[in-house]
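Here is what each chain is made of, one letter per residue.
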Amino acid sequence: MSESKTMMEKISESTRSLTTGVDTRDVEHWVTIYIMGRGYSVPADLTIMTAMEFAGYKLIRSCGCRQGFCGACATIFRREGQYKLESALACQTRVEDGMCLVQIPFSPAEAAYYDIAAESYDYSVFSKHYPEVARCVSCNTCTKACPQDLEVMDYIQSAIKGDFESLAEQSFDCIQCGLCALRCPAEIVQYNVGHLGRRMFGRYGSPEPEHLKTRLAEMERGEFSSVLDALVGASTEKLKELYAARVRESDE
Amino acid sequence: MTSEQTSTTRAAPDTGSPKRTRLPYYPGCTLKTTGKGLEDSALAVAETLGVELVELPRWNCCGVVTSLTDDDLMRHIAPIRNMVRVQEVSDAGLVDDKRVVTLCSMCFNALKWSNARIVGDAEDLKSLNDFMYLEEDYRGDAEVVHFLEILKELDPEAIAEQVKTPLGELNVAPYYGCTLLRPKSIGIDDPEDPTIQQELLEIMGATVIDNPYKTVCCGSYQTVQDKYAVAELTHGILSHARAAGAEAVTTFCPLCAFNLDNRQREVLEKHPDFEPMPVFYFTQLMAVAFGLNPKCCRFDLNHTDPRPLLRGKGLMKEGA
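Going down the list, the sequences are from chains A and B. Under my numbering, think of the first position of the first sequence as 6, with each following residue one higher. Under my numbering, think of the first position of the second sequence as 1491, with each following residue one higher.
Calculated from the structure, these hints are not laboratory results. Quick caveat: nothing in here was measured; it's all calculated off a predicted structure. Glycine is no exception: its CB is placed at the ideal position from the N, C-alpha and C atoms. All the given hints hold, so there is nothing to weed out.
Facing chain A, a subset of chain B residues (Cβ under 8 Å, in silico):
1) C1519
2) K1522
3) T1523
4) R1548
5) N1550
6) C1551
7) M1564
8) I1567
9) A1568
10) R1571
11) L1624
DSS-like cross-link-like pairs, simulated, lysine-lysine; straight-line CA separation at most 25 Å:
12) B/K1654 x B/K1803
13) A/K133 x B/K1526
14) B/K1616 x A/K149
15) B/K1522 x A/K133
16) B/K1717 x A/K133
17) A/K89 x B/K1616
18) B/K1526 x B/K1654
19) B/K1717 x B/K1526
Turn these sequences into a full structure, and let the hints guide you.
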């Protein structure tokens, strides 16, 4: 295959970015971004994450699902001519000309250690593990920082009121990126407070789902043991055959 | 209300006006937790009197203590953001009044004082509005009132009409503390000799025991730092009330209630001869007088159980 390529084609291939697959000759629009202060010219339609890779960064942190779900790629940026520091997920945000940015690979924020079965289901669980919540001045900086557009301040206020349901509802889409905690002047670790609240609500505030109880009982009666044993004992050939014949949800 | 009405089906409590005024209501965090006895009883009392309190759909901390430092605007964000919420429900037509009703007297104090401070300074109001740029600008025309003021506006006859169990046998000393009364520009009554609780307790038929300790400090947040210092204040306040003939005290402040009620444990440690005294939220006694379901009083949350006293006076059924 490669023997049929001309020398020029080989050279062209070598200019292609290995990670982004972008051929610079195909790019019409370019922007300049500043990664940790250093300028790079990158294609205008890339996300911050792919632009960093285009610029040559190999991401071993600050990069996860690439789908906006895992929260690993928290990024702080400033637009040209603006004083505001803004925040976003690198995989979900397109580069803009003049953008100055840095990724935050990790928030070394405190996470409480607790036995959920031993906690009391009221507001005191927050003052016990995260007493800082009482220091909230309602400045809303956390909400402004949230790349998920959550009403972060409101769910912290729900924690102070001991309203687990509204806390769980309002923080449900939190991806634990940590930007709220990094920006909070009251030093609250919002996303871990939310985590605790949702766990408490799940355990004490919401009814146990009927289908879960039914399925657990079925499993305990051994209704799935024979199917599972058959799979475990199957040959590689048989497994391949089963895999090819599997029914996916999208096929139905 | 016309006495000629002979309708057999008794609908919602009639206060004479065809349409009830909907007032915005700010609860505060304590009323959702340890102060549930104040909120539940007050809401039940308000409903009985035809006052509709509409809880703000969104609210945050009141700010707790008003910052007196000139340039400490950060501490005024919380109270002023709540005033934005009042403006929102008013603009949306969800309420008929721009006066937000508070029950917790600390919330009342923090919100009213901060509102007056910021509305009185156009430059500071602009600074806060600029800072809260995601919100509508606060125009500064909302007001903060305390539930007692709303009660005082009502026709005393209409309140008296709801009294099903007059508190005649009960000797009660009203306690005010500081946040309802001070500073004078914020307070709802004479800071030296307040009488607003007395007037209402008399309508309730209670025997009111006035005593000069009604405005003595409860110790406030010193209760965190030094509970025995607060216990001494509690001992003084309750002993004077007892000496004057009182069997219970009333308050509107969850912090005063905590210091006067829960700190009786420490009082007993230091003064074994001290006789515990029930501390009522004012509206708990109103609910008793109105003959409302005692569940709304949440007496289970009181430290010194007031039920034996109420039963002894025939104000509460056995087992209730």
